[in-house]
Amino acid sequence: MLIPPVAVLAISLPATRALGGEELSGLEVARATDRARRSRTEHQVMKMTLINPRGQTRVRTIEGWSREISDDEEHRFSRFLEPSDVRDTTLLSYDYNDERDDDTWLYLPALKKVKRILSSNKKDYFMGSQFTYEDMENLDLRNWDYTLDAPQTEAGVECHVLVAVPNNEREAKETNYSKRISWIGKADMLPRKIEFYDKSGRLAKVLVFEDIRPASESNPRPRAHKLTMDNLIKKHKTVLEITKLELDVEVNDSVFSQRNLRQ
Amino acid sequence: MIPARPVRDRLHGLTLVFTLLTVVLLTAPPCSASPLDLEASYKGYVQESIGGRTAQIDELVFHRQLINLEVEAHGSDWIMLRFAIDVLRDDPDFLAEDRIESRLREAYARLRFDKFDLRVGRMQIAWGEADGTIVSDQISPFDLTHFIVPKFDEIRLGVDGATVDYYFDNGDDVQLIWLGRFQEPNFPELNSPWSFIDPSMIPAGFSLGQTDRPANAMDNSEFGLRYSGHPLVADWSVGYFRSWDDRPALRVDPSTLSVTPTHQRFDLFTFNVVHPHGPVLLRFDAAYENGRLLSTDPTRSSALPTAPRGFLSREDVVRTLVAVDTKPDLWWWEQADASLQFVNEQVVHPHPALAVSKQTRYLGVRLSAAYLNETVKPWIFSMVNLDGADAWLQAKIDYEPWDNWRFSFEYDAFFGHRFDLSNRSGGVFGGFDDNDMLLASVRRSF
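Protein chains in written order, with the numbering used here: chain L, 1 to 263; chain F, 264 to 709.
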């Protein structure tokens, strides 16, 4: 998957029916959060601030559109707005949640060319941030096992504690992580925090979700508008802010076309 | 050897215009205005590059200051005006004096209709799937004044004309092109270390004349079309272009003892396809050049019963490229990108006295990575001539410590020798064997 516009793991869990009082298995919580994440279409602008150990910052801004074709297929269109040297670079991708490889096209304005490209490796970092492409994928319900630990309170909210580990050798080899632990609000099913453990079992990264409020005036579904990924090993941090968000709006088919890629 | 000019002269050569423009562009924020209901925006960069031969590092073979400015103005969805201009100052040692020039690379209007886009003006058109070499990408020419020292995105020139891109409901598209004026590439001066002209091609006692170019006339228009399909299994396109040859052949006239670089008509047929296959991307690019004029060796031609007129032979040439791209999944290779390209150029039925290689095969390798959150980006690119024993190796590191700042350090090495007719070895890279160089540049984008 390449440059999904703010599809960051479960950042977009809308309020669903209250599940707090029910006995749920880990897989059911994972399924519920995955279902809750989905919207028919999305349009957003996100600003990514990269912060190095010396406190120096770099900024990337991306505008993106996406639409869900089926449970296993999503189309995305992204346009880079900042920094200047990549401005107007555009990307069209058809992302699949099954065994198919994603289809991706990139338009490089400096070269005047649309290029079919390979999807990035899951372990690669996205645009120099602390988010890997894997971090930005949808929940993988097939290749990971989900279990629940005892509930905890996180950021003042009672949460499910969902532990995920890869369930096959191939996934264990492809992923960066040996384990992920997610704190998911029982009332709204929105994540508050995710811990990522590397293959040696060290806590490598922590993702915190903040500024949870309705997506827009026309769509009251709550979403996290600020995400902070802290790489505890590299001492780098990435803050992702969603400055514009529209859910389930009309997005013309032509947005996801070769023609739009070249405009 | 080129006499080195004092550094003080170079500093004095900095023009006031260049300096003022640099200050203005570095300090001004990106703008957005709305005159006449057009929403305008601009971007670009300021760049300084300096390169010296490793054999004598104080001898500059490349020294350029460049301002690139691109302006777009949108009036709703249906009209867009675009301008791209370079202002540059060249000051390498082989030039007697500074050269300051501006290049209007793009200036066109795009009108968007329901099913098609119309572009009119000066534009850049890119065809094909080759990477760092030219196979079917022969519509917009390149500025080759300094051969490969400037990067591909800096050297493509604009062409004047009109295009129509028609989009079918199934996602396919067809592009119609009409170019009203022949735009030739910019070639190096004869005294440039990057000159392509082989002195051995000019017979003793002959002189090199002015290039013979087609006149600006409707009859001399270039035109063509390309049909492209984008099914998930593979992107493909097939094209035709009635062209003037960007690469002039040398016409020899014994009556005037002159050698004249001559541009001639030929027909270009292209086909390319890109197919993703698991962890690799397969690329194929092909061009059939029908009726190109190629030089023959006057000595050997004269010995034949009938020497070709002007010692030029009309030939068909086939160029093909097969490439494999992949992203190796190795812990130490971050943002890995690797590409292997095989290029074959072949004259189909070569004249017996042909003065150029009848077949040339290149193997190209490109490896790139990005470390420290895309701050350090190493890159290696190499092209090896499998038939002529010449090669080019480029190793480069881009360092981007802050947004919109890029510092580049590059080493280029050339191996072999210029193409030698007697034993048919060597090639274009070997011709620059003395030009192994170190290059440094800084770019500030805005």
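Please note that a few of the clues may not be correct.
[To be verified] Heads up, simulated DSBU-like pairs for lysine-lysine below, C-alpha to C-alpha not over 35 Å straight-line:
1. F:Lys414 to L:Lys193
2. F:Lys378 to L:Lys226
3. L:Lys199 to F:Lys640
4. L:Lys47 to L:Lys226
5. F:Lys640 to F:Lys621
6. L:Lys112 to L:Lys179
7. L:Lys123 to F:Lys306
8. F:Lys378 to L:Lys199
9. F:Lys306 to L:Lys193
10. L:Lys193 to L:Lys226
11. L:Lys234 to F:Lys378
12. F:Lys306 to L:Lys244
Keep in mind the hints are simulated off the structure, nothing from the lab.
Holds or violated: Lys640 (chain F) with Lys621 (chain F), Cα cutoff 35 Å?
violated (38 Å)
Holds or violated: Lys378 (chain F) and Lys226 (chain L), Cα atoms, limit 35 Å.
Violated, at about 40 Å.
Checking one constraint from the list: CA of Lys112 (chain L) to CA of Lys179 (chain L), max 35 Å. Satisfied?
violated (43 Å)
Given the hint that Lys306 (chain F) pairs with Lys244 (chain L), does the C-alpha gap stay at or below 35 Å?
Since the Cα atoms of Lys306 (chain F) and Lys244 (chain L) sit roughly 23 Å apart, the hinted pair holds (cutoff 35 Å).
With the threshold set at 35 Å, check whether the alpha-carbon distance from Lys123 (chain L) to Lys306 (chain F) stays at or below it.
holds (32 Å)
Tell me if the straight-line CA distance from Lys199 (chain L) to Lys640 (chain F) falls inside 35 Å.
holds (26 Å)
Satisfaction of hint between Lys193 (chain L) and Lys414 (chain F), Cα-Cα up to 35 Å
violated (45 Å)
Given the hint that Lys234 (chain L) pairs with Lys378 (chain F), test it: the Cα-Cα distance must not exceed 35 Å.
Measuring from Cα to Cα gives roughly 50 Å; hence the hint is violated.
Checking one constraint from the list: CA of Lys378 (chain F) to CA of Lys199 (chain L), max 35 Å. Satisfied?
violated (52 Å)
Given the proposed pairing of Lys193 (chain L) with Lys226 (chain L), does the C-alpha separation stay at or below 35 Å?
Holds, because 12 Å separates the two Cα atoms, which is no more than 35 Å.
Hey, Lys306 (chain F) versus Lys193 (chain L), does the alpha-carbon distance stay inside 35 Å?
Outside the cut-off at roughly 39 Å; violated.
With the threshold set at 35 Å, check whether the alpha-carbon distance from Lys47 (chain L) to Lys226 (chain L) stays at or below it.
Holds, at roughly 10 Å.
Consistency with the previously given hints fails for numbers 1, 2, 5, 6, 8, 9 and 11, ordered from lowest to highest.
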